[in-house]
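Visitor: Each protein sequence line maps, in turn, to chains A and B.
For the first sequence, this note's numbering gives the first residue as 2, with consecutive numbering after it.
For the second sequence, this note's numbering gives the first residue as 2, with consecutive numbering after it.
Possibly wrong hints are sitting among the right ones.
Any copy will do: because identical chains look the same in the list, a pair fits if it lies in one copy or spans two.
Said to hold, decoys possible - Once the Cα atoms are required to be at most 30 Å apart in a straight line, the calculated DSBU-like pairs of lysine-lysine come out as:
no. : residue 1 : residue 2
1   : 410       : 266
2   : 55        : 158
3   : 202       : 55
4   : 158       : 202
Think of the hints as simulated: they come from the structure by calculation, not from any bench.
Source: prediction; values computed, not measured.
2 protein chains.
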Amino acid sequence: MDAEIIAVGSEMLTPERLDTNSLFLTGELNDLGIEVTAKHVIGDDRERLASTVKRALTAVRLVIVSGGLGPTEDDVTRDAVALALDRRQLLNSDILSGIEQRFRSMNRHMPEINRRQAMVIEGAHVLANERGTAPGQWIEEGDRIAILLPGPPHELKHIFERQCIARLARVAPPLAIRTLVFRISGMSESELDQTIAPIYKHYENPATTVLAHNGDMQVHLRARCSSEREAEALLREVGSQIEVALGERIYSRNGDPLEVVVGQKLAERHATIAVAESATGGGLADRISLVPGSSAYFLGGFITYSPRLKMELLGVPEEMIRKCGPVSPDVAEAMANGARRRTGATYAIAITGNAGPTTDGPEAPAGTFYVAIAAPLDVEVTERVWPAPDRARVRAFAAQMALDLLNRKLSRA
Amino acid sequence: MDAEIIAVGSEMLTPERLDTNSLFLTGELNDLGIEVTAKHVIGDDRERLASTVKRALTAVRLVIVSGGLGPTEDDVTRDAVALALDRRQLLNSDILSGIEQRFRSMNRHMPEINRRQAMVIEGAHVLANERGTAPGQWIEEGDRIAILLPGPPHELKHIFERQCIARLARVAPPLAIRTLVFRISGMSESELDQTIAPIYKHYENPATTVLAHNGDMQVHLRARCSSEREAEALLREVGSQIEVALGERIYSRNGDPLEVVVGQKLAERHATIAVAESATGGGLADRISLVPGSSAYFLGGFITYSPRLKMELLGVPEEMIRKCGPVSPDVAEAMANGARRRTGATYAIAITGNAGPTTDGPEAPAGTFYVAIAAPLDVEVTERVWPAPDRARVRAFAAQMALDLLNRKLSRA
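Start from the sequences, fold in the hints, and give me the full structure.
Guide: Below is the structure:
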């Protein structure tokens, strides 16, 4: 079974915006054995969208349209699909009262224009939206299916997962597409590719993709077979060779990001963690605490952006900052020790660095970072210099490096 | 003049890859006064690509096809476009010797399959590729133009900039596209739209787009006129009405995000800021400190994720946490006061809340947040409840809300 995905919105035809919903949808469709054969972005233009939907429904059995279900004049998806299928639209009073109720719960009155979101194409099955006002719609025409989903990613995902997957599983003929994901840290993208290319280049199936984002890497193996068993055997065959080649560089085999892996290790050991961040300004703590349940091991910590706060909150000696500079291994170590002592955490991670774009002094060229991990028995400090740093990227790289170092330390502990 | 962009490659139909060349191309085309009306991603399928190109050339005057010009069987773009235009392909001996030369310079022998890259569609103008083996092609059919460009971004950009822009400027009718951006905070997307729709709906030109992301909103006005002056006059006409309607809800007219605007106000007033974050776990500090030069006003602060650290680091009374709960206006206020006192900052922002997904107790249902701003003369506490919270989103909303409240406070100060 093949599918096309159509994203609707003129903002995605500007130089600033991409359609990213299609990545999620493609992953979910592949898991159902459905291949995506084309993707389109169409502006807020009713006739153009209608003709795109019409043509797509002749080419493939499944067409997913995302976006354009809002309340404004610009939101043309309902009208365009009704036009493409030559069907009427009817006001659904259940949806209308749901939208009214949603506004009431926020102590607000529903604006009149939101009535448009209660219009349903004749014969459509309504896909309720618990996270927003615009419901989705599932429309069948012969053996063809059109699914309309709201554009906000969290609404689209929630509706697709809860209301579309099971329905699609009933209609999609069996093709097993299975994916194996390794997550890797602590090496560069080209080192990674050089290590594993001699393995994966012998295989067209599974297809191998290497992804890199701010120091975090993923290797995706994607097998397409007529049975699950066959696909899984293929993944095992290639995956086991990659595991041998990468060894402990692999930190996750189930897609979990580094902050989740680290959190699990801390929780298992009944250990706690605190942070002391300078150059990353809260970015490391943000990642650690984004994990649900992180309060079991994450105590909190300090953002000591100014040198004075490094002294007052963490007890870094003034003399040390003056002599070594705030971006130095000594200060990183003193920050980690101070954070550990003042929070009572089992481990404390400190990051000090110069994220750029300018260089403050000879001791700390932009791109220089020190990460210190204070543990019950020792403190380790690691230096890393990123040439030509980009402020946002180098901060993200430094937080990733800190988590990677902690993960290795916990693996050894 | 309108254009469509077609990206070719099955790897962009997986869950991992997006076509990003179209962002660069859209920016360049807009600067030439050319609008992009649709974008497509097509797999390595000759017939499907041929029919997409054929249809696009009936809809718009310019079609740009990127990718699929490599040497392998999978690279179908030359064949597909020749099929769509019903033209032959001819071996170009200059290109062939260039490719051979390129391989020789790397001390390698040209594989036989690379001959395919020297095939040129009859009547095409060759766009030489100094950075790779596959040349581009510029093909005219009546008043229609098809441009074929290689997929690697640095090759595509180089060819487009050096060989396409000047040619397109000669054929594109003069059209000036100018954009005005307002950034808005502190209201919902539908409130915003209701406020400004009565203005913008009278104008087809400029086109108005409302974008919302985690509580941050943008209104883009995009005028298309035959002269710059006319476009700018139109933007002033509509923009001034929108300014009146939104008043102080507009925090930026030049695209600057809220953390930059707040930072400028703090710097102007020679004021400093500190944070005390619980539920946002560093996300607010991360945004504030991402701004280059933020060390001039951002001192740092505290991440007090555990109740114990709220007491020990910020001096929140244990009695208060027990009686009111950690997610309460009293605790938010005490956190802000503690952070201000202990850092000596002019202002301190504290955030406490329950980001979900679970509810800890009757006092703090998931989605409840309190933001306190301690200033030299007063402390203000604001409550906000997000129904059905999504952990990552509600944290981002809360940080946005805190910056918005601070911005308003600074505007009044």
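Visitor: Checking each numbered hint in turn, tell me which of them this model violates, lowest number first.
Guide: Every hint satisfied by this model.
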